[in-house]
Amino acid sequence: MTMTLVFLMAIIFLVLLIWLLWAQQGLPSTQVSALEIKKLLPVHCQHFPQVRRLLGTDDEKFLIGRASRNTLKQWRTERNRILRLYLHGLAEDFQHLQQLARLISALSPELERSQESELLLLGLQFRVLYRMTLLRLTLRTLPLEETARLTELVVQLGLEMQRFLDHMAEGRPYVGITSAT
Amino acid sequence: MSLTVLSLVHWALIACLEAALLVLALRRKLRQRLPFFVAYLAVLVLGELGAFSIYQIVGFKSKTSFYAFWILQGIFVLLRAAVVYEICRSILSPLEGVWRLAKPLLLMMGCILLGAMLISTRGTPLSPVKIIPLGQRGLELIIVGLLIGGLAFCRYYRVQVENYVAWIALGLGIHSIIQATDNTLLPWLNHFALWAALSHVSFDIALIMWGVALWKPLPAPRPAPILLTSSEYQSLTPQVTARLRSLNTRLLEMWK
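For the record, the sequence lines run as chains A and R.
Numbering of the first sequence is given in our numbering, commencing with residue 1332 and proceeding in unit increments.
Numbering of the second sequence is given in our numbering, commencing with residue 11 and proceeding in unit increments.
Keep in mind that the hints were calculated from the coordinates and are not lab data.
The C-beta atom is built at its ideal place from N, Cα and C for all residues, glycine as well.
Careful, some of the hints might be misleading.
Only part of the chain R face toward chain A is listed, based on derived beta-carbon distances under 10 angstroms [stated by the list, open to error]:
| # | residue |
| --- | --- |
| 1 | Leu105 |
| 2 | Leu238 |
| 3 | Gln244 |
| 4 | Asn258 |
Quick list of the computed label-pair ranges, beta carbon to beta carbon [said to hold, decoys possible]:
| # | chain 1 | residue 1 | chain 2 | residue 2 | range |
| --- | --- | --- | --- | --- | --- |
| 5 | A | Arg1458 | R | Ala206 | 28 to 34 angstroms |
| 6 | A | Lys1392 | R | Ser240 | 39 to 45 angstroms |
| 7 | A | Glu1423 | R | Pro114 | 46 to 52 angstroms |
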């Protein structure tokens, strides 16, 4: 081990410690009100109907042959920009839902190690896949119908969380979540 | 005594600061929240008095002083490890499930780091001068590991750390990181005065941070959160996990 490596490791530990201590000061505590929990519910995927139209091939087919090459190029660039924004919002929704899942875990008297480790791994996997998907969007090799299906999943998940929260708030018997994807 | 005037002044200042911190901690009623930390401050003050008496009687460079110094250091490190465990417990234990999950993992991490320390001392000549820095480094790394591990749990489950606890934890962490670095560099530098100076600086920083932590009155204790029932977790979490899994599967499919 060289001296530089020792210094580097010390600095990494120090930065990590400061980050862990102070980066969480802005995070919501585990004692959040129902109103604040609602903030965690998916927002961006509610714009799904508008984006679905954008993801369809009809508009593009209509423009081909009618619009100039420049206009078509501009339209595609703009569509990609909106899709990028939408994907970003989708990732935010995912993170919020994951945060909600963690909140439920934090408030549970007993946790299952396998469940928790799977939640952690899924979060990490999503981050990697999301970055790669964004890259694919930049390279314009992203199949649009797949993005649409992805959105449907987030919408479903959001609705289920909403039902669970309603149950928590009103004390109604919880009817369960449909397992179909 | 073969200590310089400057060293004696520094020592006296530090001892006064430690005593002031102990008084402040007792006035702030910290004993009810972090009893090990208050005990550590008390042992620090007593340790300074004890060490000073020993140096006066047998001299600074005697073998008795050497062993007394290292025995005290050992007690301090063990107490600091207990304080770190106490900090993790005080933050996470109101969340029963999270604490039950974190406790064995933190203990396992401690055991692994202890094992690593024992492995790193293998083959080292059985001389206190060689063994002690390695042992101390290992214990300091256990403290840093436990602190980072515990705080990672806090961050993951969005548990807020109170400001005064954060300052105490930062003081402990910085001191241990610098001490571990210092002990690793000792064989290369082979300069005891420099090693001692770095060690003092890290402790001075820690004392200042603990002073910041206790400067203002402590906030009122937070009420314990209302927990959900086990059945709610059992019914919901597997299904949320299944949804997130299918979401990731769909993302993966886009790559096939």
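* Asked: Okay, which hints does this one fail, numbers in order?
  -> Those not satisfied are hints 5, 6 and 7.
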